[in-house]
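Keeping their order, the protein sequence lines are chains X and F. Numbering of the first sequence is given in my numbering, commencing with residue 2 and proceeding in unit increments. Numbering of the second sequence is given in my numbering, commencing with residue 2 and proceeding in unit increments.
If you're looking for bench data, these hints aren't it; they were derived computationally from the structure. Please note that the accuracy of each hint is not assured.
A few chain X residues that face chain F, going by a derived Cβ cut-off under 10 Å, partial list only [said to hold, decoys possible]: (1) ILE15; (2) VAL28; (3) SER51; (4) SER74; (5) GLY85; (6) ASP115.
The structure displayed is predicted, hence computed values, not measured ones. Built from N, CA and C at the ideal position, the CB exists for glycine as well.
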Amino acid sequence: MAKILVSIVGLAVIGFIVWWFFGKHEVSEVSADVSNNAQSVDVEVNGGYSPETIVLKKGVPATLNFTRKDKSSCLDRVVFSDFGINEALPINQKEAIKIDTSKSGEYQWACGMDMFHGKLIIK
Amino acid sequence: MSITKRFWISLIFSLPMLANMILMPFGWMLPGGNWTQLILTTVIMAVSTVPFWQSAWASFTKHHSNMDTLVAIGTVTAYIYSIYAMATHQAVFFESAAFVTTFVLLGQVFEERMRNNASNAVEKLVDLQAKDAEVMREGKLVKIPLSEIVVGDIIRVKPGQKVAVDGVITEGTSTIDESMVTGESMPVSKKTGDKVIGSTINSNGTFMFRAEKVGNDTMLSQIVELVKKAQNSHAPIQNLTDKVSDIFVPTVLVIAILTFMVWYVFLGASVASSLIFAVAVVVIACPCALGLATPTALMVGTGRSAKMGILIKNGEVLEAVNDVKTVIFDKTGTITVGKPEVTDIVGDEEKVLSFATALEQSSEHPLASAIVKNAESKNIVVPEVSQFKAIEGKGVEALVDGQKVFVGNDKLLSDVQIDNKLREQVITLQEEAKTVVFVGVNNEIIGLIAIQDTPKNTSKEAISDLKARGLKTIMLTGDNKRVADAIAAQVGIDSVIADVLPSDKADHVKALQQDGKVAFVGDGINDAPALTVADVGIAMGSGTDIAIESGGIVLVKNDLRDVDRALALSKKTFNRIKLNLFWAFIYNVLGIPVAAGIFYGIGLSLSPELAGLAMAFSSLSVVTSSVLLNKAKITSRVKFA
Numbered sequence: 002m003a004k005i006l007v008s009i010v011g012l013a014v015i016g017f018i019v020w021w022f023f024g025k026h027e028v029s030e031v032s033a034d035v036s037n038n039a040q041s042v043d044v045e046v047n048g049g050y051s052p053e054t055i056v057l058k059k060g061v062p063a064t065l066n067f068t069r070k071d072k073s074s075c076l077d078r079v080v081f082s083d084f085g086i087n088e089a090l091p092i093n094q095k096e097a098i099k100i101d102t103s104k105s106g107e108y109q110w111a112c113g114m115d116m117f118h119g120k121l122i123i124k
Numbered sequence: 002m003s004i005t006k007r008f009w010i011s012l013i014f015s016l017p018m019l020a021n022m023i024l025m026p027f028g029w030m031l032p033g034g035n036w037t038q039l040i041l042t043t044v045i046m047a048v049s050t051v052p053f054w055q056s057a058w059a060s061f062t063k064h065h066s067n068m069d070t071l072v073a074i075g076t077v078t079a080y081i082y083s084i085y086a087m088a089t090h091q092a093v094f095f096e097s098a099a100f101v102t103t104f105v106l107l108g109q110v111f112e113e114r115m116r117n118n119a120s121n122a123v124e125k126l127v128d129l130q131a132k133d134a135e136v137m138r139e140g141k142l143v144k145i146p147l148s149e150i151v152v153g154d155i156i157r158v159k160p161g162q163k164v165a166v167d168g169v170i171t172e173g174t175s176t177i178d179e180s181m182v183t184g185e186s187m188p189v190s191k192k193t194g195d196k197v198i199g200s201t202i203n204s205n206g207t208f209m210f211r212a213e214k215v216g217n218d219t220m221l222s223q224i225v226e227l228v229k230k231a232q233n234s235h236a237p238i239q240n241l242t243d244k245v246s247d248i249f250v251p252t253v254l255v256i257a258i259l260t261f262m263v264w265y266v267f268l269g270a271s272v273a274s275s276l277i278f279a280v281a282v283v284v285i286a287c288p289c290a291l292g293l294a295t296p297t298a299l300m301v302g303t304g305r306s307a308k309m310g311i312l313i314k315n316g317e318v319l320e321a322v323n324d325v326k327t328v329i330f331d332k333t334g335t336i337t338v339g340k341p342e343v344t345d346i347v348g349d350e351e352k353v354l355s356f357a358t359a360l361e362q363s364s365e366h367p368l369a370s371a372i373v374k375n376a377e378s379k380n381i382v383v384p385e386v387s388q389f390k391a392i393e394g395k396g397v398e399a400l401v402d403g404q405k406v407f408v409g410n411d412k413l414l415s416d417v418q419i420d421n422k423l424r425e426q427v428i429t430l431q432e433e434a435k436t437v438v439f440v441g442v443n444n445e446i447i448g449l450i451a452i453q454d455t456p457k458n459t460s461k462e463a464i465s466d467l468k469a470r471g472l473k474t475i476m477l478t479g480d481n482k483r484v485a486d487a488i489a490a491q492v493g494i495d496s497v498i499a500d501v502l503p504s505d506k507a508d509h510v511k512a513l514q515q516d517g518k519v520a521f522v523g524d525g526i527n528d529a530p531a532l533t534v535a536d537v538g539i540a541m542g543s544g545t546d547i548a549i550e551s552g553g554i555v556l557v558k559n560d561l562r563d564v565d566r567a568l569a570l571s572k573k574t575f576n577r578i579k580l581n582l583f584w585a586f587i588y589n590v591l592g593i594p595v596a597a598g599i600f601y602g603i604g605l606s607l608s609p610e611l612a613g614l615a616m617a618f619s620s621l622s623v624v625t626s627s628v629l630l631n632k633a634k635i636t637s638r639v640k641f642a
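Chain X on its own, in the form it takes in the complex:
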């Protein structure tokens, strides 16, 4: 009896894991507010990035303010490989990162270990 129960619960948990991690889920997306020829977005780093997708306006100087709230060393750096940016994110400290918005396109950013990803869209 216990064995049947364990099997059922086990399979249910596997099903949940697959749905939760691999299923389609909405990704938070934020467009920057432009004011006085500048745009900025606050990004909270806690078990990933929120928002995970950021839309910036082309040609307007942009700043992304990263604040890491997560103690994990996985997230202690943020890397924008297309821009040559690799910044340390001290915990609970706002770290401003300037982005060159002169070229439109889609760019990835990632944590120092390339486990967590975010997307930057410049248009």
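Here the structure of chain X is known, so what remains is to put chain F in place on it, guided by the hints.
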């Protein structure tokens, strides 16, 4: 709380349990038994493990998972089961939760240090800059900070001081140690009119120079910027790990559940031992090693090459180098010194030289400047010219004293006459590796100017190094076939493609790409398209900005031997990336089944503690292997066995 502190706390509270484990066979037991273990482990869980749990939960809510998810689930499972086991008087394994936490944190402490080691190299370059400089202001020399220097300032540099910014010497001579920027170990002597580079060290003389580039425009700043970009670039090989890392952790969780089910339901193991196998699976899996394999090696490899004066622009170039079969060289300025000199003049020397100078003096072609320089040294009177006209790919023509005069290369010969005696002289000169310029009046050649551009004295060695590596070498030049052949023979190049129009260079590179990947080495504006088309474009640092912009690798020192070093370093770095990835994959592929107890039948199994230790050291070993790239020997000459 820092990782280091968390590590020490968990280590201190784990030690009594370690003693218990080791001394148990000798009859010693931890006073208080399970209760002491519970208290010790609870402290570790509350202080050292909670951050893993927090991070795991935060990413869970975002449908993500990471390393911390695995550590959190592994430790909490062991901890909670042990409490349950204690209540129902069964065997506990609190120490698993405690030891796993300690080992994982130990690994992270080392790893953090190593990662900082890997990334700091370039930031140190910026510290090389001088802090202040003596600058001429209102007729007096005053000491001002680096940031206040502007273009045009006259700056004095005394022996032992650092040159503040890039500029040109206006007064004085000295020798300068430029090794920090160019990697060139020999000091370079400099006189008025020579360029100096910011951050280099003046050794014996005092000189004044005019600032030409300041702030972010200086060579050092540009190099730092370039290297930073390279270090953080993405290598194509990483696309694989990107995909794997997305599904890694959930997959491991599923495997762990299956492990538990198989042991408990099908093999009839007890809850406790089934659970231990499942926890070991969760704890041994290490996605970090996969994620760290490429970026850390890329960072160390590109940083080290920058110190040698070889700037590799990104991971893509690094990867492409690996398959290069052919290296194509531009001739002038790449294989040769790029400062041609007039060696022979055939015909009426004064007349030939004056006509040639009149037509060439406004040209920037290196051959033209050789002619003009020669005329200046002989005080030749230069006549007036009018109706100046270029003959595409052949030369120039103009009116001098009412006569049509022309100067150009041997492609002109199809349109004009030349007598046999001159024709023979042309062949002799060309076979001596001299470029022949024809000077004519009214459709008839009246004289020849032979110009020679000697190969750099390092070119021969550079080519033989590349050949020893098994690469095919080709010279691509706009020069005459005989001249090109003669130079090729001097430096030992395999084959020559001569008489190439500047606009056709890229097409020739494309054609050669049919037989495999090619690298193109060049320096001029006309090389830019070829540098872009080639799989690996290698630009000489002395070259034009546009060439440097187009190249994937820049050789700051301008030494052709660096082509071989660049290839060697790129290969070494890429091989290290492959080794890291292989190790990270194999580790997980072998580790997970062992932890799951597949080899239990032959007596091979892993406790969660050992699994945690293995996990900690797998990512540490990957980072260490990358940092060791700094020490790896670069053999610039591959000998055949």
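Any of the earlier hints contradicted here, and which numbers? none
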